[in-house]
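Participant: Protein sequences appear in the order of chains A and B.
Residues in the first sequence are numbered consecutively from -4, following my numbering.
Residues in the second sequence are numbered consecutively from -4, following my numbering.
It is worth saying that the hints were derived from the structure and are not from the lab.
Errors might be hidden in some of the hints.
Remember, identical chains collapse to one label, so a pair may be satisfied in a single copy or spanning two.
[Stated by the list, open to error] Distance condition first, Cα-Cα at most 20 Å in a straight line; then the derived SDA-like pairs of lysine to any residue: (1) Lys156 x Glu237; (2) Lys156 x Ala238; (3) Lys156 x Ala236; (4) Lys156 x Gln239; (5) Lys257 x Ala289; (6) Lys181 x Ala238; (7) Lys265 x Asn254; (8) Lys91 x Asp166; (9) Lys120 x Arg54; (10) Lys91 x Gly133; (11) Lys120 x Pro381; (12) Lys125 x Asp141; (13) Lys91 x His165; (14) Lys91 x Pro134.
Since the structure is predicted, the reported quantities are computational estimates derived from the model, not experimental observations.
There are 2 protein chains.
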Amino acid sequence: MRRALPPLRALLGAARPPRLPAPRGMCGPLAGRSGHSALRGLPSFGFLFDIDGVLVRGRTPIPAARAAFRKLVNPQGQFLVPVVFVTNAGDCLCQKKAEQLSHLLGVPISQDQVMMSHSPLRMFKRYHEKCVLVSGQGPLLDIAQDLGFCQPITIDTLREKRPLLDAVDHDRRPNVLSPSAVELPKIEAVVLFGEPVRWETSLQLIIDVLLTSGYPGNPYGQESYRHIPVLACNMDLMWVAEAQSPRFGHGTFMVCLENIYKKITGKDLKYEALMGKPSRLTYQYAEHLIRAQALQRSWEQPIQTLYAVGDNVMTDVYGANLYNRYLQESSGSGPRAPLPAQAAAGTAPARRAQPQQPGPGWESELAAAAAARCSSVLVCTGVYDPHSEVALPGRDSTAENVFHGHRDFGFDPALVEPDHIVPDVDAAVDLVFRLENFAPP
Amino acid sequence: MRRALPPLRALLGAARPPRLPAPRGMCGPLAGRSGHSALRGLPSFGFLFDIDGVLVRGRTPIPAARAAFRKLVNPQGQFLVPVVFVTNAGDCLCQKKAEQLSHLLGVPISQDQVMMSHSPLRMFKRYHEKCVLVSGQGPLLDIAQDLGFCQPITIDTLREKRPLLDAVDHDRRPNVLSPSAVELPKIEAVVLFGEPVRWETSLQLIIDVLLTSGYPGNPYGQESYRHIPVLACNMDLMWVAEAQSPRFGHGTFMVCLENIYKKITGKDLKYEALMGKPSRLTYQYAEHLIRAQALQRSWEQPIQTLYAVGDNVMTDVYGANLYNRYLQESSGSGPRAPLPAQAAAGTAPARRAQPQQPGPGWESELAAAAAARCSSVLVCTGVYDPHSEVALPGRDSTAENVFHGHRDFGFDPALVEPDHIVPDVDAAVDLVFRLENFAPP
């Protein structure tokens, strides 16, 4: 089981700790802000729960999780408030993850409550009918088809169809030097689901697709600098496994791809969209799911506040705060404009990706997503360890240049400050109920 | 068979063609400079021959090669002038390459005449007794031991000893979460012979070794920014195989390693030495071999001029010109100082690597290496195509930022201008004999 990366400082002794509020004594900026819920017993808020480090550690359930979820459902097992599980994992179908969670938490979880890093791809309908190259591990074709893609092609299939391209491994080079050409449709987009195996093969073939405008096997073209769209899920540079130091994640693969592209062409690889925490697109989609639940349950009170509960400062806290900043900036400008797809990208203007609109249907589906705020709640059961923060030795002034977020996201100290810190997910639920004056009906 | 990369412009339409002299009518700057040879029948010059694109194309011999070598030997098959073969390949032993060349050229070639990208490692004696991690393909352990390394350890062996480290491939993760620790000596250097397979594994394990000061499996340390020495052979970014576009070479793997290291630590990966054309270290070592031949044959006349014959502007021409520049700068300063090992690096001062001295023995062995000049001779039988140069469409002013050489080598238009251009290697030999007024005894 994958856990997300510990905070940068814990790993590398980077400078500038976030200015954290005291870890107990809940008095964050949102305390007591809304108080309507108790009056009518209807929620005006929803939960976004991270999974690894909040509900499980590796393969072990965290005891507080079951206690928390007993408070979140009625005796019939129905949720009392909208709940979405938001994970950066992406190597299985949502249905499977929902079944795992149901078993783990002892309450029925539907697949509509589970959001993986690739889930927003469901909205990119303009690519669903086209031939797209998919990269990653696990049941890739099943996942792609479940998201709506009709013509996904894997790296392995492309390799079989164009055997001359993959030449790094001496033992896998073809014996025939001029294999017959096999018909292939134009590849019109590249979808990076997660880190693949045999990086040399995936990197070579993806670069080939980009430099040939979707016709790998052709010579590289001068005109192919405006490459076909790349959509990427899960930017985590590293993650914590059983080893004593963090392991390469999909973000590391993306570092390789970006830098090879840059070295060969002299230009930046551009992403049409970046998905998974901390991207804004992920939070938009999560809010969309939250609202769908409220609608389904006929909870008529608007959902005003999203509480994002996670264990990772760089993904859960950064992402929630980034989305909150977006909500704040968007409010007060009259009726909310349709959300631009560049919400997929980060906050550093100079380096921000400029993705295009994801396609018809997206804006109208998400136009109603309009919470007033998103609050970050950090738990101490995962990679965040309040004690190791204190114990850190003297700061290295150069280390503040080290940022493990994605290239297109700027480092901003304000974004890694959680609104609240609690011991565990059970305490997070208690806190939110108290802040919202929420009492189950 | 590997061929080197075509010139950048031919691939990507980069701007600024080298200001080439006319491809015939040999009147380069060195024409007729020395003329003693004919007087005594002894050579005051030597040849450095590239192999791929000069003597063979893929698996096919180039006809001019046999003609050229008939002129270079006496009826007993002895060479009339010192000759070294200098290739960036590195996936076999010099002995094997010498046998291939003997068969190809019809004259006996000794392994002392063959120089591969890793050959200068023989001089780095300070690492020979130490445990070094080796990365690449082919008979790595044989190559390492032939070069003098007593304790090489491969990536695969390290992976077996530390099974928790290689976690990218879901199917290769260990079933046991806490394997027993196996004794491993401290790894004291990393030697990158060439591009490996399963890049995710090699990249992860090399990064682990660098960030743990040679104790992979330990947690990453704050103090490990001054990483253990890295020695790299063959920096070719890409090479030309049967596919219509160039394929990833070791230089592409190094781009990944450098950028992952930079992303994680915020610091530049530093090379103790960079070997293979166009590095100066390679030419120094080639001159060393040339002089050893002259000494063995009791040719008492000093070797004044090296003629480097190759087909690749970015490696053969750049490398020869870079070495010539070094020889020019070094002359006139009285007795030549021992060669600094930073000769391994390039010419751009701002980005130049700062390798240390390679160890005792190096200076004294090479102190006698002191040619007056190195002349670049470009042939048209390989990746350089004089016609495609002319046929190039309008220049793209931004493309001059694209440089396919290694990070530590700056682009300098003067370094890609060959002293001479000839049709093939036979014409190259004719040219040099004429320039040197050389007539076999």
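Participant: Look at each hint and say if it fits the structure.
Facilitator: Here is what the structure says about each hint:
For a Cα distance limit of 20 Å, the shortest separation of lysine 156 from glutamate 237 across copies, 15 Å, qualifies, whereas the shortest one inside one copy, 38 Å, does not. For a Cα distance limit of 20 Å, the shortest separation of lysine 156 from alanine 238 across copies, 13 Å, qualifies, whereas the shortest one inside one copy, 38 Å, does not. Taking CA atoms no more than 20 Å apart as the test, lysine 156 paired with alanine 236 passes between copies only; the shortest distance there is 17 Å, against 35 Å inside one copy. Taking CA atoms no more than 20 Å apart as the test, lysine 156 paired with glutamine 239 passes between copies only; the shortest distance there is 15 Å, against 40 Å inside one copy.
When the C-alpha separation of lysine 257 and alanine 289 is checked against a cutoff of 20 Å, the pair qualifies neither within a copy, at 45 Å, nor between copies, at 46 Å. Taking the shortest alpha-carbon separations for lysine 181 and alanine 238, only the inter-copy value of 18 Å comes in at or below 20 Å, while the best intra-copy value is 42 Å. When the C-alpha separation of lysine 265 and asparagine 254 is checked against a cutoff of 20 Å, the pair qualifies both within a copy, at 12 Å, and between copies, at 18 Å. In this assembly of identical chains, the alpha carbons of lysine 91 and aspartate 166 lie at most 20 Å apart only when taken from different copies (19 Å versus 37 Å within one copy).
Taking the shortest alpha-carbon separations for lysine 120 and arginine 54, neither the intra-copy value of 35 Å nor the inter-copy value of 48 Å comes in at or below 20 Å. Taking identical chains as interchangeable, the C-alpha atoms of lysine 91 and glycine 133 lie at most 20 Å apart only when both belong to the same chain, with a minimum of 13 Å there against 42 Å between chains. In this assembly of identical chains, lysine 120 and proline 381 lie within 20 Å of each other by CA distance neither inside one copy nor across copies; the values are 43 Å within and 48 Å between. Within a single copy, lysine 125 and aspartate 141 get their C-alpha atoms as close as 15 Å, which meets the 20 Å cut-off; across copies the closest is 53 Å, which misses it.
Taking the shortest Cα distances, lysine 91 and histidine 165 sit within 20 Å of each other only across copies (17 Å), while inside one copy they are farther apart (38 Å). Taking CA atoms no more than 20 Å apart as the test, lysine 91 paired with proline 134 passes inside one copy only; the shortest distance there is 12 Å, against 45 Å between copies.
Hint compliance for this structure: hints 5, 9, 11 are not met, and every other hint is.
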